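Peer 1: Residues per chain, in single letters:
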Amino acid sequence: MDDAEIVRRVLAGEVNAFARLVEAHAAQVMSIAARHVPPDRAAEVAHETFVRAFERLSTYKGESPFAHWLTRIALRRCADFWRSRSRCRETDFSSLGSGTREWIESIPAEHDEGGLEAHAQRTEAGVILEWAMSKLSPEDRMVLTMTHMDGQALSDVGEQLGWSLSKVKVRSHRARRKLRDILGKMLD
Amino acid sequence: MDDRRLARLDNLEQALVLHARRRRPPAVPAGFTDGVMRAVRQKAESVGGFWTMFGFAARRFAPVGALAATAVCGYAQLSERLFSQTLLFLSLHGAGAYSLVRLMP
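Chains C and V supply the protein sequences, listed in that same order.
Per the numbering used here, the very first residue in the first sequence carries number 1; after that it's consecutive.
Per the numbering used here, the very first residue in the second sequence carries number 1; after that it's consecutive.
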């Protein structure tokens with residue numbers, strides 16, 4: 001039974017059929033959520049994504065694959081997560097601990113592939129990445145994660161976010177510049 | 001920006017990108033589908049509950065509402081007819097336009 005048929009059944013009142021959609025797409029939604037929100041909050045965002053999908057199921061027209069429709073909902077949930085977090089108090093870089101400061105200072109000026117790999121494996125890299133990304137707007141963060149971190153094709157990103165190709169290019173470029181400004185201040 | 005700082009910035013950015021690409025998505029937690037389905041059933045019940053209550057209230061209060069609407073419309077129609085007849089009566093018995101206008105509500 002394909003996804004469109006399951007959707008029809010759920011809309012006809014067979015609510016339990018929705019479990020098949022959850023089982024089929026849970027890993028994909030978790031993967032999206034884990035890339036855009038902290039890993040310990042990914043399950044919560046994935047849960048909200050499926051509940052929202054159930055509420056909006058009647059708007060799914062079957063013109064695109066169900067997975068694409070679900071991806072758009074998941075991305076909107078991730079953006080909502082950061083919007084709600086932006087109201088929280090901002091963390092100062094100095095409060096991240098001396099380990100992160102040492103990690104930044106150990107970044108070499110010479111290009112060394114092996115050295116960078118070793119740096120990337122350290123947990124401090126994750127802490128600094130999260131901190132720097134938290135300074136960006138939810139949209140900047142999202143487009144930068146998809147284009148720059150995940151290396152997705154710009155056309156795919158545009159389709160998933162509902163943006164034109166030129167908008168993806170411009171926003172991605174600006175977001176990267178903002179991230180570099182933030183990282184540059186860390187080096188000072 | 002001097003070359004050394006720019007090179008360090010490039011390396012810092014590259015290290016962070018490598019870290020991000022290295023991250024593996026966490027596995028779907030046990031009982032995830034059950035948790036979602038519990039929330040979904042609650043949603044379905046609350047939506048169904050609303051329409052059940054709406055139907056009940058409509059059936060319960062429809063006769064009373066129809067009677068009240070009929071009474072209000074009938075009263076308005078009767079009042080309007082009485083008022084028109086009073087104006088006609090007064091005009092036939094010599095009331096001037098000024099006096100009739102003053103009677104208007």
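Hints listed in this document are in silico derivations from the structure and should not be mistaken for laboratory results.
Quantities reported herein were computed from a predicted structural model and do not represent experimental measurements.
One thing to keep in mind: the hints can contain errors.
What the hints assert, rightly or not - Derived SDA-like pairs (lysine to any residue); straight-line CA-CA distance at most 25 Å:
id	chain 1	residue 1	chain 2	residue 2
1	C	Lys-185	C	Ile-73
2	C	Lys-61	C	Arg-122
3	C	Lys-61	C	Val-15
4	V	Lys-43	C	Lys-169
5	C	Lys-185	C	His-148
6	C	Lys-135	C	Arg-180
7	C	Lys-61	V	Glu-45
8	C	Lys-169	V	Leu-6
9	C	Lys-169	V	Glu-13
10	C	Lys-135	V	Glu-45
11	C	Lys-167	C	Thr-123
12	C	Lys-61	C	Asp-156
13	C	Lys-135	V	Leu-6
14	C	Lys-135	C	Arg-122
15	C	Lys-135	V	Lys-43
16	V	Lys-43	C	Arg-20
17	C	Lys-167	V	Glu-13
Claimed, not checked - Chain C regions said to be covered by chain V (calculated; three or more residues, Cβ under 8 Å):
id	stretch
18	9-21
19	34-43
20	57-71
21	100-108
22	173-187
All C-beta atoms, glycine included, are put in the ideal place defined by N, C-alpha and C.
Peer 1: What hints, given by number in increasing order, does this structure fail?
Peer 2: When the structure is compared with the hints, numbers 1, 2, 4, 10, 11, 15, 20 turn out to be violated.
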